Amino acid sequence: MKEVLIIFAHPKFEQSRTNKTLVQNVKSKQAVTFHDLYERYPDFDIDVDYEKQLLEEHEVIIWHHPFYWYSCPPLMKQWIDLVLEYGWAYGPEGNALAGKKVLQVITTGGSEKVYCAEGRNMYSVNQFLRPFEQTARLCGMKYLSPFAVMGTHRLSEKELENYATQYRQILTCLQNDQPIQSLKDCVFQNDLPELKNLN
Amino acid sequence: MTGSILFQAIVFLAGAVFCVPIAKRFGLSSVLGYLLAGILIGPFLLGFVGEEGGDILHFAEFGVVMMLFLIGLEIDPKDFWKMRKTIVGMGGAQVAVTMLLSHGLFLIMGFDWKVALTVSMAVSLSSTAITLQTLKEKGLFNTTYGASSFSILLFQDIIVIFMLGALPLLSTVAPSHSTDSHGDGVNLLDNLPLWLQTLAILLSVVAIISAGRYLIVPMLRLAARTRVRELLTASALLIVLGISFLMELVGLSPALGAFLGGVVLANSEFKHELESTLEPFKDLLLGLFFMAVGASINFMVIRENPGMISGILVAVIVLKAVVLFMVGAIFKMKLDQRLLLTVGLAQIGEFAFVLLSFAFQLNILDKVLMDMMLVVTALTMTLTPILAILNERLILPRYGTKESEKRPVDHIAKKHKVILVGFGHFGSTVGRFLRSYGVEATILDHDSGRVDFLRKMGFEVYYGDATRMDLLESAGIADADILISAVDYPDTTFKLVELVKKKYPNVKLMVRARNRYDAYELINMGVENIYRESLDTSVKLACDVLSRMGFRKYTLHRQAQKFIKSDEEGLRRLAKQSRHEEEYIFKAREEIAMQEKLLEEDLRRGFFTDDHHWDSEQMRLAQQ
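Residue numbers (this note's numbering), protein chains in the order written: chain A, 18 to 216; chain B, 167 to 790.
Calculated directly from the structure, the hints in this document are not laboratory data. Quantities reported herein were computed from a predicted structural model and do not represent experimental measurements. Certain hints may be false.
Claimed, not checked - With a Cα cut of at most 20 Å, we get these calculated EDC-like pairs of lysine to aspartate or glutamate:
| no. | chain 1 | residue 1 | chain 2 | residue 2 |
| --- | --- | --- | --- | --- |
| 1 | B | LYS728 | A | GLU102 |
| 2 | B | LYS719 | A | ASP64 |
| 3 | A | LYS44 | A | GLU56 |
| 4 | B | LYS728 | B | ASP702 |
| 5 | B | LYS302 | B | GLU396 |
| 6 | A | LYS117 | A | GLU135 |
| 7 | B | LYS719 | A | GLU31 |
| 8 | B | LYS706 | A | ASP62 |
| 9 | B | LYS731 | A | ASP60 |
| 10 | B | LYS304 | B | GLU441 |
Claimed, not checked - Sample of chain A residues at the chain B side, in silico, Cβ under 10 Å:
| no. | residue |
| --- | --- |
| 11 | GLN32 |
| 12 | ARG57 |
| 13 | TYR58 |
| 14 | ASP64 |
| 15 | VAL65 |
| 16 | TYR67 |
All C-beta atoms in this analysis are idealised placements derived from N, C-alpha and C, irrespective of residue type, glycine included.
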């Protein structure tokens, strides 16, 4: 079973209904390490050595955060800036992360409809996530198509439960090294046919 | 015209109010101010106070008793037990050698051996009142010098009991009335056999210790529960008076008993209440005591025997000083601490008044000799504070720890000069962090042990009182950018700030403040950068508590920043108010009023709920 590391960044987790439900479902799952950045580093003073060690110990990395202003919360960016060091994560000898899988899990207030050329956000979520995709690629990691929970303001409890179950199932797939959709095949993990059936 | 109590009170109070500020103005200790006030109002200058000065002296000795009670309160019984070796060792050596030498001296001068012995007893004792008051004023209580002085004085307090007990053995006549100040009444145990006396003494010590636990604390609780403030004052006075009475009854020194009582109560919840209640009484009585000493200097006796008195005076001070210096050497004190001790305890103390007059009643001393020795005693008490000043200003800078040491120029040639005053727990943290950034602050400190150590570690350190302009100037304040004050004692801080603001207004002041009150004062003095000890750490603790209860750390972190910021703003706003309002009399009441104001501010601002950033709930509600 592959070890999964969830790097979670939410500055106001206690107020987020969606993320609370999502996290609750995966937090205590077997072989999953839940790493809460804002709780661990409230003063943004990231322990880089510890972070590197965590990354080395896991094969699957999840970047889980709300989608703020078309990007991640600042501590997540701080994490990327500090931890993914030249000579370790990238560069001629930087191959500590090579071969690991990265899955981005995001929550957005706006629905899927507004994230397209015709919608008011002009671009799709995948387009907005390009910097992350490229970051992972530069580190030699395999960037999977993201798992997005969108339109969170209007989600019913039932829908939310479904998303949470999906999240859990995706993790199980990743742990068992079962084939999972790569970015080329589909836009979101949500689009996986077997997950669709759950709805 | 000196008859009425009212008039006497006015004379003493006026003397104090007039002389002490003058002494302070010239940088002298208040002790000297009181002594000079005493001389001024005494029978030989203005003549406001006549023979009754002696009675006042006895009354005022109660100030010494209170002081020892308060000192006892500061000492944890465990620490006291640890000090036992120093007390017996240093104190024993000091008393024994001083007695031996002065006994020889007075024998050579042609006195009878009994007289010589009595006088040497008096000479071996030093003044608790003067020494401890000076130590407190200068904040030197926790130095080696302070601890050694205290140990020696404590030993003297114990040994004086035996001296008083031994005096009758030297006498050929039985004392008709023992009228020494410590036993105005009749000593209950006089007629008992020796072993019973000893037993009674031991029993009374046990009585104090157990009364502290099982009688005094419950009594204070009862008094506190009534919420009548003056009842606590009454209880505090009752405790000290009661202990003194018990001690006198069995012939022990009330000061010693009070000290013991203080130690027993040091761990009780009423420690601070007792301290703040008794402090003003103690200060006033001590002031009265010093004035009475000044007033009791009989200048007639001096005029009759100027050569003899000045001879004895010099001999006594030199002899005591030499012995203290040697004792300091034996106990491996550093040279400058030793010099401080040498001068600090070189006077004859207030117990001498008791011993000498008791010996006079026992017919061991004649009137002339007693008067002479009383004058010598009072004069030594007046002279040693002056000698201490000379020692600090002239001798210490040359020997002992040097005020400064030359250092290679490349170190001093730093672009931004920072002066750090005080390298205690607070200052050292500041200094260490600055050093981790390669910023070498010039350090000023008044603890010579620390100074030597810091020099070994390569710091540029100046030794001495930071409120002396010349020392600040030699430390280079003229071209300093920043002066950090990490001083413990608020008075020193204020003095330093005032001095620097006046003469070097361009130096940026960064000042440690113990609490809000000190911070107000500093704000009103025009200091911008104030660092309260009781702000950041307390908030951090509260954050950790809340985090433990399950609140999110990052939210707490933001909330804490906000809280600190608004507290600082509130501080500045309230500082302006505090200047206009009339002074509060009771500190406790003032504090409650302050807390009330702060809580009102918090409530008004209500900042615990207005942090809506990243709050999806708000958007969700808006969209529905």
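Against the structure, the hints come out as follows:
1. Of the pairs offered as hints, the one joining LYS728 of chain B and GLU102 of chain A is violated, with about 33 Å between alpha carbons and a cut-off of 20 Å exceeded.
2. At most 20 Å may separate the alpha-carbon atoms for a hinted pair to count; LYS719 of chain B and ASP64 of chain A meet this at roughly 16 Å.
3. As the CA atoms of LYS44 of chain A and GLU56 of chain A are separated by approximately 14 Å, the hinted pair is consistent with the 20 Å bound.
4. The straight-line distance between the Cα atoms of LYS728 of chain B and ASP702 of chain B is roughly 12 Å, inside the 20 Å bound, and the hint therefore holds.
5. Straight-line distance between C-alpha atoms of LYS302 of chain B and GLU396 of chain B comes to about 27 Å, which puts the hinted pair past the 20 Å bound.
6. Under the criterion of a C-alpha separation no larger than 20 Å, the hint pairing LYS117 of chain A with GLU135 of chain A is inconsistent with the structure, at around 35 Å.
7. As the CA atoms of LYS719 of chain B and GLU31 of chain A are separated by approximately 11 Å, the hinted pair is consistent with the 20 Å bound.
8. The suggested pairing of LYS706 of chain B with ASP62 of chain A holds, with an alpha-carbon distance near 16 Å, which does not exceed 20 Å.
9. With a C-alpha separation of about 16 Å, the suggested pair LYS731 of chain B and ASP60 of chain A falls inside the 20 Å cut-off, and the hint holds.
10. Under the criterion of a C-alpha separation no larger than 20 Å, the hint pairing LYS304 of chain B with GLU441 of chain B is consistent with the structure, at around 19 Å.
11. A distance limit of 10 Å between C-beta atoms decides the matter here; for GLN32 of chain A the minimum to chain B is near 5 Å, and the interface restraint holds.
12. For the restraint placing ARG57 of chain A at the interface with chain B, the shortest Cβ-Cβ distance is roughly 8 Å, inside the 10 Å limit, so the hint holds.
13. Given the 10 Å rule on beta carbons, the hint for TYR58 of chain A holds: about 8 Å separates it from the nearest Cβ of chain B.
14. Using the Cβ-Cβ criterion of 10 Å, the hint placing ASP64 of chain A at the interface with chain B is not satisfied: the shortest such distance is roughly 14 Å.
15. Here the hint on VAL65 of chain A is broken, as its CB sits about 19 Å from the closest CB of chain B, past 10 Å.
16. Below 10 Å, beta-carbon pairs count as interface contacts, and TYR67 of chain A has none with chain B, the closest being about 16 Å; its hint is therefore violated.
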